[in-house]
Amino acid sequence: MEIRGSQLEIGYGDHTVIHDMDVTVQPGKITSIIGPNGSGKSTVLKALTRLLAYKGGVVTMDGRDLKSFSSKELARSVGVLPQIHSAPPDFQVKELVGYGRMPYQKWYERNNAEDERIIDWAMRATGVWELREKPIHACSGGESQRVWIATVLTQQPEILFLDEPTTYLDIAHQIEMMQLIRRLNRENGIGVVMVLHDLSQALEVSDWIVVIKDGKKYDEGSPEEVITPRMMREVYDVDCSIIRVPGREKPLIAYHEI
Amino acid sequence: MKASGKHKVSALRIGTIWLILAALLVVLSLVAINVGSAGYSVSEIVHALFSPEKSTVKVVVMNLRLPRLILALLIGASLSSAGAILQSVMRNPLADPGTIGVSAGAGTAATTILLLFPHMTNAVPLFAFAGAALACFLIYTMAWKNGVDPTRIILSGVAINSVLGAYNALLQMLHSDSLEGVLAFMNGSLSGRSWSHVRVLVIYASLGLLLSFFCIKSANTLQLGEEMAKSLGVKVSLTRVLLSAVSAFLAAATVSVAGMIGFVGLVVPHIARILVGSDYKQMLPTSMLLGAVVLLAADTVGRTIVPGMEIPVGIVMSVTGGPFFLYLLRNGGKMRGNQR
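Residue numbers (numbering that gives the first Met the number 0), protein chains in the order written: chain V, 0 to 257; chain H, 0 to 339.
Looking at chain V on its own, in the form it has when it is part of the complex (with noise of 0.2 angstroms):
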């Protein structure tokens, strides 16, 4: 399944955000969306989800106008974590992760057997199982973040879109997020796209990935190909290097020294 936006023109009220944007994103792949603050990262994201309308252009999901798809159908194929989400602190985990069930049932409709199947994986695969039976607010950080993933995960979607999933997280818990994100890309096929602010990590895990630089996207490529000296210098305003070391496949970025 690909997703293309073509010439989108995205804002909000007045204002627009996003000039003139082409983006795809491949099926299978893990896309990372990098830029600074206030690019437009987030808003890119949310108009190809349809979360936010958007003014002009179109998206497409294998060809098809994204406008044109039922709620629950478009929630079938695409799962989305916002970068703001709340729920009960009381609910419990397995109940929050049943949520991602509601596109596949009416609303009358409890959780069947093939339901009840489908949370039980995503919560396996995201390693929350053991907390299923916690509240929400006996668990820390990043354990509901994992939880927040695996009730996304349970919409069984073809292609993962994650707002700054590792924002707010320690450096652990970071880590743990990327390979979970890479482990439910290669082994369960699922495409991946992500914003993120830190670029190693996109770096790194990436497949594919897109710079936005005040609205208007400055490059896309393979990490190699899009983060050099001169990308962060124009984009960022910083300097850097792109080190290899022996023995890790993928470079570093090594910022000049404060």
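FYI, nobody ran anything at the bench for these hints, they're computed from the structure.
Heads up, some of the hints might be wrong.
As the list claims (entries may be wrong) - Derived CB-CB ranges, DEER-like:
{"no.": "1", "chain 1": "V", "residue 1": "Glu115", "chain 2": "H", "residue 2": "Asn62", "range": "49 to 55 angstroms"}
{"no.": "2", "chain 1": "H", "residue 1": "Lys234", "chain 2": "V", "residue 2": "Arg123", "range": "28 to 34 angstroms"}
{"no.": "3", "chain 1": "H", "residue 1": "Leu206", "chain 2": "V", "residue 2": "Ser67", "range": "32 to 38 angstroms"}
As the list claims (entries may be wrong) - Listed next, the in silico DSS-like pairs over lysine-lysine satisfying Cα-Cα at most 27 angstroms (straight line):
{"no.": "4", "chain 1": "V", "residue 1": "Lys133", "chain 2": "H", "residue 2": "Lys216"}
{"no.": "5", "chain 1": "H", "residue 1": "Lys234", "chain 2": "V", "residue 2": "Lys54"}
{"no.": "6", "chain 1": "V", "residue 1": "Lys133", "chain 2": "H", "residue 2": "Lys280"}
{"no.": "7", "chain 1": "V", "residue 1": "Lys54", "chain 2": "V", "residue 2": "Lys212"}
{"no.": "8", "chain 1": "V", "residue 1": "Lys215", "chain 2": "V", "residue 2": "Lys28"}
Values in this document were obtained by computation on a predicted structure and should not be read as measured data.
Note that the Cβ used here is the ideal one computed from N, Cα and C, for glycine as well.
Add chain H to chain V, keeping to what the hints say.
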């Protein structure tokens, strides 16, 4: 094993709470039938009810106390349910049917009729219902802009409530000599209600309460936040409007019969949340039960505490419920308030 044990305890807890509330409801109903300005003994009442001949006792109990009891239960359940549903739409603990103009709209219509067209007093319930619906519709229309969001509903509610409030105040100032009916309406009272009121409210309240059970899943999903709900395939704006409509319908039905009774719709859902948690599958039925208990208790106290005088149920509830709620708020643990 340990984990599933935990789960069972919470089901047990909910069961216990429901059982206690049901028992309270039965006890309070018996008390409400028994006490009143005409002091009959229990045996007199039982005897009168089961004897075939007509007696004063039977008339008082059957035509005054019983309809009033039923009304109190229906109104308490309805207002609590209305408030609980609205709180999920607004994701705000301060939301109650007053927020979406139900009270102000009904108040405006009732005040207008009572003060300007006193010969139409019998039609007050009808106009109050229409006024409530109209004000609510107006607020949502004003708040609509590519969908409705809670902040805009609340703000347009504040604006429209203040305009209607000013109109009411002006009208009352101009007719300060004939405010009795208006005051009774504004403070919500069950005094002098009869079977004809019950017949009307039973239909509306049953329909509304039934509809609220259909809101449970949506109300739960709205608690996950707008974008999350959307990404789960929920039509958020449509859901908000439908849930608000159910809430407004319930509140408007009660207002038209009993006038404006505050506090229940705001506070009972909170107490229910503290008792059984935020899941509407448990929280909504708990709210209904608790609302019925609270309103019946308040009304019974109001009509018996000062001999020969009726204190409107709305006043009793605010005076006693406020401090009780403050107590719960300080001791209620993690479940209280909204979830942001």
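Hint-by-hint comparison with the structure:
1. Glu115(V) x Asn62(H): 49 to 55 angstroms: holds, 54 angstroms
2. Lys234(H) x Arg123(V): 28 to 34 angstroms: holds, 31 angstroms
3. Leu206(H) x Ser67(V): 32 to 38 angstroms: With a Cβ separation near 36 angstroms, Leu206(H) and Ser67(V) satisfy 32 to 38 angstroms, so the hint holds.
4. Lys133(V) x Lys216(H): Given pair Lys133(V), Lys216(H) holds - Cα atoms ~21 angstroms apart, limit 27 angstroms.
5. Lys234(H) x Lys54(V): Holds, at roughly 20 angstroms.
6. Lys133(V) x Lys280(H): Measuring from Cα to Cα gives roughly 18 angstroms; hence the hint holds.
7. Lys54(V) x Lys212(V): Distance ~19 angstroms between Lys54(V) and Lys212(V) Cα, so the pair holds.
8. Lys215(V) x Lys28(V): holds, 22 angstroms
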